[in-house]
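So the chains spell out like this:
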Amino acid sequence: MSFESLLLSLRLAAIVSLLLLAIALLLAAWLAFGRWRGRFLVEAFVALPLVLPPTVLGFYLLVAMGPRSPLGRLWSGLFGRGLAFSFEGLVVASLLYSLPFAVQPLVSSFRNVDPRLVQASALLGVSRSRTFFRIVLPLSFPGLVTAFVLSFAHTLGEFGVVLMVGGNLPGITRTVSIAIYDSVEAMDYSGAGRLALVLLLISFSALSIVYAVNRRVWSPWTAR
Amino acid sequence: MKLVPFASSCLPFFLCAAALTPRGPALSPQSREIRVAAAADLQFAMKDLAAEYEKGAGNKVIPTFGSSGNFFSQIQNGAPFDAFFSADVEYARKLEASGHAEPGTLFMYAIGRIVIWVPAGVRVDVARNHWDVLLDPEVQRVAVANPQHAPYGRAAVDALKGAGLFEKLEAKIVYGENISQTAQFVESGNAQAGILSYSHALSAPMKDKGAFWMIPQDLYPPIEQAAVVLKSSAQKDAARAFLAFVKGPAARAILERYGFTVPAVSAPPKGL
Amino acid sequence: MVAVDRPLTPPLLRAESAPLTAHLRKEFRDGRALTFALDVAVEVPPGFTILSGPSGAGKSTLLDCLAGLTSPGAGRIAVGERVLFDSSAHVNLAPQKRRVAYVFQSLALFPHLTVEENVAYGLGHLPLAERRARARGVLDSFRAGHVLARRPGEISGGERQRAALARSLVTDPQILLLDEPLSALDEELRAGIVEDLRRWNAARQLPVVYVTHSREEARSLGERLIALDAGSVVAQGAPQDILARISARDGMGR
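Chains as they are written, first to last, in this note's numbering: chain A, 1 to 224; chain B, 1 to 272; chain C, 1 to 254.
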């Protein structure tokens, strides 16, 4: 039973970081290369979860996803159950609060690509979108890795927002960080310690594997 | 080509996500899962109740613990619990009034008490000196549950005020999010004393670790604890069955073991 | 280096060797104050035109405007009849459409692609076999065919220069812009590349704008010279006459 929450957290983190990679990629591309003057507003909005306390974020998310909200009602109309206090609700909440962890490394990586390379591609007749996929993206590999790993780790560890939006339902929204907290409250320190240690080992191994693999791949052309 | 190493490092995560099929509520009609929102003071009692219940019926009771006030808000926002065991009958009544509780299911399952609890290492004698230990310089922090949403916190503050000590102690008070966290503060030694539920004081992790004194009932309004079945529940009959069990003799014995006063079933909740 | 007569690349579509004409004005402001203004009228006929001037004269800005990487505030840029930019007619072709080859000083070779992939990059609309054939062909004519399978990080400065030139030229451009292409190379290498360039353009007669500080290159390549200073053209014409007048102070070295 004690590993149910761990599996739940891993599943949540995996789904969220994969989804985020796709969403953040497009958003970061637009932020890095777009032409609209108001982009800085979007950048500030994306960065909000970094500075807002989790309870504020959780509150607004609950309001936005609750049964009385338009989103909540749409969801229950489609699926017959609420968005808040469900796993899907956690996915939605996690996408938002981990967004800056995915977008910022990507924007940074994209902006660091030598602009002359992008210009050279354009001069050779290649469209902006194809240039993005053939030149910018491959050269931003480290940023992609960072974005993925950071959003995975952040989602794995989040507590406040998950508690408010998820409601601590075992097997559905009781993530491992909440389970650890619960165990401490029940004075089951050995149980809490076990979970915490396993979480630590998993996170550390995941990070090590990703960084080790990618070190070999991108060093050739960054070494110069 | 350069995507291959990245994809392969994503693979463990992919497998993670794919292998874990969504877990919904238990499927077979024989074994249901009854999700219970339980007040934090039932931290230990509820586990015993659930274990006893599961021996007989085929159903499982899955409790989530927290402060009654928090659960009240969550339930109003659609939290999918089947039953709510509140530490304050008022919350249960309000849910009935707002249509979130199944009518006719509300009943008072226990009356709680508060105690001053001091862990073994602190050199004061609470059994003899009662309130005075809180004023002792040995006691730097006093843990109390948050009165805003924890009924045991409200009772504690009422008692402190009744004893004329709240202002004097205000600087020393640390608030726990619910009565369980409050107990954990004291049990771990982070607070040198606390006003806890009697049920916590009698529980296995705490009973040999400290001493306590029962605060006289006339200093605070009685803690009337009531349970309801929730209207949003998908298994109302299973929930009702569990509540019926809690009214029965085996459950009453368990509750009394944890220091609760169990009203006779026919008596209506006070204050009606 | 012994100059061996290598076969030219397979005959490409003959580029219309039309002259480049441009007059444009581009302003740079800091708030309301004008910090720099490029205001020029130039004519670049088929063949090599040297563009010289001290740092900050506006050479790179001019090239960027011709290539479409930045837009002038006002003006007109055309290659023969084909208009690339015209502020009054609201014409502003994207760099993709201008058929301008531009080799930056930093070369901007794609570090994650091989030399062959770099050179073939602009030929995406052709079938694979033809792409590779053309890439090899133009690399051979610049004597860099032996580095096809290597990455830019693995080859020498001279080979990178040739690869960058090959990449720009294989797409059959109408004009060629070269921003100090040889400044990082030594004498011998320069002479070789200059020779290859001259041979290459002898057949095609494209307008080439060649930015350099080197008098040597100016003398050996230049059929015309444009001297730029502080955003304006200070001289335009035959190199010998102008070089005699311009001193080293104005940015012309050896």
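Be aware that one or more of the hints could be misleading.
Listed next, the stretches of chain B that the computed footprint assigns to chain A, with coverage defined by at least 3 CB atoms under 8 Å from CB atoms of chain A [said to hold, decoys possible]: (1) 35 to 48; (2) 134 to 143; (3) 255 to 264.
Taking lysine to aspartate or glutamate pairs in the EDC-like style, the calculated list, with each CA pair at most 20 Å apart, reads [what the hints assert, rightly or not]: (4) B/Lys236 to B/Glu96; (5) B/Lys209 to A/Asp188; (6) B/Lys55 to B/Asp237; (7) B/Lys47 to A/Asp114; (8) B/Lys207 to A/Asp188; (9) B/Lys231 to B/Asp218; (10) B/Lys247 to B/Asp125; (11) B/Lys47 to A/Glu43; (12) B/Lys168 to B/Asp208; (13) B/Lys60 to A/Glu4.
If you're looking for bench data, these hints aren't it; they were derived computationally from the structure.
Positions of the beta carbon are idealized from the N, C-alpha and C atoms, including for glycine.
Are the Cα positions of B/Lys60 and A/Glu4 separated by 20 Å at most? holds (16 Å)
With the threshold set at 20 Å, check whether the alpha-carbon distance from B/Lys47 to A/Asp114 stays at or below it. This hinted pair is violated, its Cα atoms lying about 62 Å apart.
Within 20 Å, alpha carbon to alpha carbon, are B/Lys247 and B/Asp125? violated (38 Å)
Counting residues of the region 35 to 48 of chain B whose CB is closer than 8 Å to a CB in chain A, do you get three or more? Result for this restraint: holds, n = 4.
Is the Cα-Cα distance between B/Lys47 and A/Glu43 20 Å or less? violated (48 Å)
Given the proposed pairing of B/Lys236 with B/Glu96, does the C-alpha separation stay at or below 20 Å? With a Cα-Cα distance of about 15 Å, the restraint between B/Lys236 and B/Glu96 holds, given a limit of 20 Å.
Are B/Lys231 and B/Asp218 close enough, with their CA atoms no more than 20 Å apart? Between B/Lys231 and B/Asp218 the Cα gap is close to 36 Å, so the pair fails against 20 Å, i.e. violated.
Is the hinted pair B/Lys55 and B/Asp237 satisfied, with a Cα-Cα distance of at most 20 Å? holds (18 Å)
Holds or violated: B/Lys207 with A/Asp188, Cα cutoff 20 Å? With a Cα-Cα distance of about 15 Å, the restraint between B/Lys207 and A/Asp188 holds, given a limit of 20 Å.
Can you take a look at whether the region 255 to 264 of chain B is actually covered by chain A? Rule is 3+ residues, C-beta closer than 8 Å. violated (count 0)
Between B/Lys209 and A/Asp188, does the CA-CA distance stay at or below 20 Å? It holds: about 14 Å lies between the C-alpha atoms, which stays within 20 Å.
Report holds or violated for chain A covering the region 134 to 143 of chain B, Cβ cut-off 8 Å, minimum 3 residues. violated (count 0)
Comparing the model with each earlier hint shows violations of hints 2, 3, 7, 9, 10, 11, 12; every other hint is respected.
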